[in-house]
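Trainee: Taken in order, these protein sequences are the chains called C and S.
Residue numbers for the first sequence follow this note's numbering, so the first one is 1 and each next one is one higher.
Residue numbers for the second sequence follow this note's numbering, so the first one is 1 and each next one is one higher.
Keep in mind the hints are simulated off the structure, nothing from the lab.
Treat the hints with care, since some could be wrong.
Each computed DSSO-like pair below joins lysine-lysine, with the alpha-carbon atoms no more than 30 Å apart [to be verified]:
no.: 1; chain 1: S; residue 1: 14; chain 2: C; residue 2: 125
no.: 2; chain 1: S; residue 1: 129; chain 2: C; residue 2: 125
no.: 3; chain 1: S; residue 1: 130; chain 2: C; residue 2: 21
no.: 4; chain 1: S; residue 1: 14; chain 2: S; residue 2: 58
no.: 5; chain 1: S; residue 1: 112; chain 2: C; residue 2: 125
no.: 6; chain 1: S; residue 1: 112; chain 2: S; residue 2: 136
no.: 7; chain 1: C; residue 1: 21; chain 2: S; residue 2: 91
no.: 8; chain 1: C; residue 1: 21; chain 2: S; residue 2: 129
no.: 9; chain 1: C; residue 1: 21; chain 2: S; residue 2: 136
no.: 10; chain 1: S; residue 1: 224; chain 2: S; residue 2: 210
no.: 11; chain 1: S; residue 1: 112; chain 2: S; residue 2: 180
no.: 12; chain 1: C; residue 1: 356; chain 2: C; residue 2: 281
no.: 13; chain 1: S; residue 1: 91; chain 2: C; residue 2: 125
no.: 14; chain 1: S; residue 1: 136; chain 2: C; residue 2: 125
no.: 15; chain 1: S; residue 1: 112; chain 2: S; residue 2: 91
no.: 16; chain 1: S; residue 1: 130; chain 2: C; residue 2: 125
no.: 17; chain 1: C; residue 1: 125; chain 2: C; residue 2: 300
no.: 18; chain 1: S; residue 1: 180; chain 2: S; residue 2: 136
Have a look at the derived ranges for each label pair, beta carbon to beta carbon [stated by the list, open to error]:
no.: 19; chain 1: S; residue 1: 294; chain 2: C; residue 2: 101; range: 30 to 40 Å
no.: 20; chain 1: C; residue 1: 204; chain 2: S; residue 2: 151; range: 51 to 61 Å
no.: 21; chain 1: S; residue 1: 7; chain 2: C; residue 2: 377; range: 32 to 42 Å
no.: 22; chain 1: C; residue 1: 25; chain 2: S; residue 2: 71; range: 32 to 42 Å
no.: 23; chain 1: S; residue 1: 89; chain 2: C; residue 2: 291; range: 53 to 63 Å
no.: 24; chain 1: S; residue 1: 13; chain 2: C; residue 2: 315; range: 49 to 59 Å
no.: 25; chain 1: S; residue 1: 170; chain 2: C; residue 2: 101; range: 31 to 41 Å
no.: 26; chain 1: S; residue 1: 132; chain 2: C; residue 2: 291; range: 56 to 66 Å
no.: 27; chain 1: C; residue 1: 18; chain 2: S; residue 2: 71; range: 27 to 37 Å
no.: 28; chain 1: C; residue 1: 314; chain 2: S; residue 2: 71; range: 41 to 51 Å
no.: 29; chain 1: S; residue 1: 132; chain 2: C; residue 2: 45; range: 50 to 60 Å
no.: 30; chain 1: S; residue 1: 106; chain 2: C; residue 2: 139; range: 31 to 41 Å
Owing to the predicted nature of the structure, the values given are computational and were not obtained by experimental measurement.
We put the CB at the ideal spot given by N, CA and C, even for glycine.
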Amino acid sequence: MILTQTVALFVDAYRELNARKLFWITMALNILAVAIFAALGINARGPSFLHWTFDNEFFNTGLISKELFYKLQFTTWGIPIWLSWVATILALISTAGMFPDLISSGVIETMLSRPISRWRLFLTKYLAGLLFVAMQVTVFSLGCFLVIWLRGGSAEPALFLAIPIVVLFFSYLFAFCALLGLVTRSTIAALLLTILFWFMVFLTNTAESMVLLQREGAILRLEDAKRNVENQETFAERRLEQLERNGNPPTDANGELITDQDARMLAANPALKMSRERLAKAERAVPTWKAWAARAVALKTVLPKTQETIALLERNLISREEINRLMSESSGVEVNLDEQPDGPAMADPRAQQRVKEIVHARSVGWVVGTSLGFEAIVLAACVLIFSRRDF
Amino acid sequence: MSAIQLTGVEKVYKGRVHALRGVDLTVHPGEIFGLLGPNGAGKSTLVKILMTVIRPTKCQGTVLGNPVGDRQTLARIGYLPEHHRFPGYLKGRQVLEFFAAMSGVPRQTRRKRSSQLLELVGMSEWADKKVGGYSKGMRQRVGIAQALMNNPDLVLLDEPTDGVDPVGRREIRTILARMKDEGRAVFLNSHLLSELEMVCDRVAIMVQGKVLRQGTIEELTEGKRGYAISGAEPFTEEHHTLIRSVTDGLEVTFESHRTTVLTSDPARIQPVIDALRARGVVLAAVNPMRPTLEDLFMETVASDASHGRPGAARKGVRP
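Using the sequences provided together with the hints, build the complete structure.
Mentor: This is the structure in structure tokens:
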């Protein structure tokens, strides 16, 4: 009976999606995106679109191979723009009504009066909702795979990782959307609040990066300040020795000899005082930023990692090292895209590099595990509400 | 074993609204049972408790021999909710097959039964059209068919004739009779008292969350049945005295041309006829009289002192 019911719910979910115009609009947009992807190209003269070639003496197959060109296109706009934003928003719009519709009067009574437990009904409907994204991403991934294979000459089965990864990423938002749908019973409220939540997750992510950047910057400033004080002290000692050798030891304002060693050093090198002040300031700043960073990381830990989850695809599809290597091979010139890391222009590049390393060091288990933890809690809340409510 | 046996069912909604105040009710196998009551009486709440859609505050009882709320028992129950709404993207046949699958009916059986039941409710021609385009009556017919897809032992129908035209109502009554003949217990929730009267073996009248009366219509009208004797001329005071003298202990009411004697025993009415005939009164008709279900219902509702007016929903009480 369980199998019969599960199959029935999945078939029904498919029929429901099939009946929604937005499903087919999204599918058409996916196909259009793949078509545009296929129409793009690069040759010895420069980039091309359909049969038009835009002559470019730098950006051509001399700098970048066809394979790399298509991979870069996919990782530049296919994943972060299309799958992460456009397709996800369309998927949310399409599926946000699933639970408000289910619990609306006249429908829910017929569903609940069947020999199926409420938690199983909810979770099966939830999984069926993920079908939407799975189907859309499958079409998009298959299209892109064929384009990279036929046009770029490289078969990339890793590209199909997009299906589980994007479904996983969408599931965080869909779980939250389901919870809001159950609580508010409104499709519009569920959709708007989910997008707001998604934006909040994005802001938290950005804030955490900024705070980490500040923390690493403060640590670097402290290390610099320590080195600077040491240098200034060394310079002060040398200067003091020089003054004493010249018979011109440091004196105070009254012309009397200074006996305190530290005061003598400060008198010998007035810049030491400023360096020590900088050090003290840096020492005060580090604990503050460490505390804020801990809070930001803790907040981020309990929230779903949307950006990092999508980034897993990039990690698996093409690494920055691989891009450097392929570009170096094509152009015959050493290329290192990491020389200009992304980040605020005013930020210390070393701090940016450290933050990048910290983020890259986060394991797949942490990214996915903590996100699934969030999703599990949200789904548990959904099941609790759905199971206990009178309809 | 009763199809439904309930004792002391209570439901208090948030906000302390007492929807059910200790409902005792019995439905026997193979009978058509009608539950009637004004809006807000708690009829739909009771049905939803039986179907696990609403959780009772307090409930003792069984459905088909199993405790109320047992999910597996639901596979043996057919249910048509009031104001049901099937997904508009499904075709009539798909509605039947989907809900049958949810009840665990095997695929082959689903196919076969859906065709049979669509034929039964007169929807074969519309079977492959989307329900979004159906009229209310058509949706109701498909709803009844889906309630029978799992070959249930008990069928709960909440306002099954709602929105159905007179021809359709007659067909539904035929279907109900057929369900009974097949040995199913049928639990009907309806406002249409005349409909219930025509098909129900037993009824219960519910007012403000309580069952005030239940039994067969014969039992409920016991002591209220009588005979109406109509004269060709108006009855006089002399006739009234004469009638009183031969109807010892019986309740008699007089109108201009008609006298009503409350008794279910036809032998008790013969002395009245004889006495009147002996006085040369020309009798136009002698008819047995029984209160209608509507009479019973109105009387029950009126007798409930706390109830304001029949059929009025109380503020804050869910229907």
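Trainee: Are the hints correct? Go through all of them and say.
Mentor: Hint check results:
1. For the given pair, residue 14(S) sits about 28 Å from residue 125(C) by alpha-carbon distance, which is consistent with the 30 Å threshold.
2. Under the criterion of a C-alpha separation no larger than 30 Å, the hint pairing residue 129(S) with residue 125(C) is consistent with the structure, at around 25 Å.
3. Distance check on the hinted pair: residue 130(S) and residue 21(C) sit about 16 Å apart at the alpha-carbon level, within 30 Å; holds.
4. About 14 Å separates the Cα atoms of residue 14(S) and residue 58(S), which keeps this hinted pair within 30 Å; it holds.
5. Restraint check for residue 112(S) and residue 125(C): satisfied, since their Cα atoms lie roughly 27 Å apart, inside the 30 Å limit.
6. Between residue 112(S) and residue 136(S), the direct Cα distance comes to roughly 25 Å. Compliance with the 30 Å bound is thereby established for this hinted pair.
7. The hinted pair formed by residue 21(C) and residue 91(S) meets the criterion: a straight-line CA distance of about 17 Å does not exceed 30 Å.
8. Under the criterion of a C-alpha separation no larger than 30 Å, the hint pairing residue 21(C) with residue 129(S) is consistent with the structure, at around 19 Å.
9. A C-alpha spacing of about 25 Å is found between residue 21(C) and residue 136(S), which places the hinted pair at or below 30 Å, so the restraint holds.
10. As the CA atoms of residue 224(S) and residue 210(S) are separated by approximately 23 Å, the hinted pair is consistent with the 30 Å bound.
11. Between residue 112(S) and residue 180(S) the alpha-carbon distance is near 22 Å, which keeps this suggested pair within the 30 Å criterion.
12. As the CA atoms of residue 356(C) and residue 281(C) are separated by approximately 26 Å, the hinted pair is consistent with the 30 Å bound.
13. The suggested pairing of residue 91(S) with residue 125(C) holds, with an alpha-carbon distance near 20 Å, which does not exceed 30 Å.
14. Restraint check: the Cα-Cα separation between residue 136(S) and residue 125(C) comes to about 27 Å, which is no more than 30 Å; the hinted pair holds.
15. Using a Cα cut-off of 30 Å, the hinted pair residue 112(S) and residue 91(S) holds, with the two alpha carbons roughly 16 Å apart.
16. Between the alpha carbons of residue 130(S) and residue 125(C) the distance comes to roughly 22 Å, so the proposed pair stays at or under 30 Å and holds.
17. This hinted pair checks out: residue 125(C) and residue 300(C) have alpha carbons roughly 28 Å apart, not beyond 30 Å.
18. For the given pair, residue 180(S) sits about 25 Å from residue 136(S) by alpha-carbon distance, which is consistent with the 30 Å threshold.
19. For residue 294(S) and residue 101(C), the Cβ-Cβ distance of about 39 Å falls inside the hinted range of 30 to 40 Å, so the restraint holds.
20. About 55 Å separates the C-beta atoms of residue 204(C) and residue 151(S), a value consistent with the hinted range of 51 to 61 Å.
21. The beta-carbon spacing between residue 7(S) and residue 377(C), approximately 40 Å, falls within the hinted interval of 32 to 42 Å.
22. For the pair residue 25(C) and residue 71(S), the supplied restraint of 32 to 42 Å holds, since their beta-carbon distance comes to about 39 Å.
23. At about 54 Å, the beta-carbon gap between residue 89(S) and residue 291(C) stays in the expected band of 53 to 63 Å.
24. The given range of 49 to 59 Å is respected by residue 13(S) and residue 315(C), whose C-beta atoms sit roughly 53 Å from each other.
25. Between residue 170(S) and residue 101(C) the Cβ separation comes to about 35 Å, which falls inside the hinted range of 31 to 41 Å.
26. Our hint of 56 to 66 Å for residue 132(S) and residue 291(C) holds, since their Cβ atoms are close to 58 Å apart.
27. The hinted window of 27 to 37 Å between residue 18(C) and residue 71(S) holds, with their beta carbons roughly 30 Å apart.
28. For the pair residue 314(C) and residue 71(S), the beta carbons lie near 46 Å from each other, so the given range of 41 to 51 Å is met.
29. A hinted range of 50 to 60 Å for the beta carbons of residue 132(S) and residue 45(C) is consistent with their spacing of about 56 Å.
30. For residue 106(S) and residue 139(C), the Cβ-Cβ distance of about 33 Å falls inside the hinted range of 31 to 41 Å, so the restraint holds.
Comparing the model with each numbered hint stated earlier shows that all of them hold.
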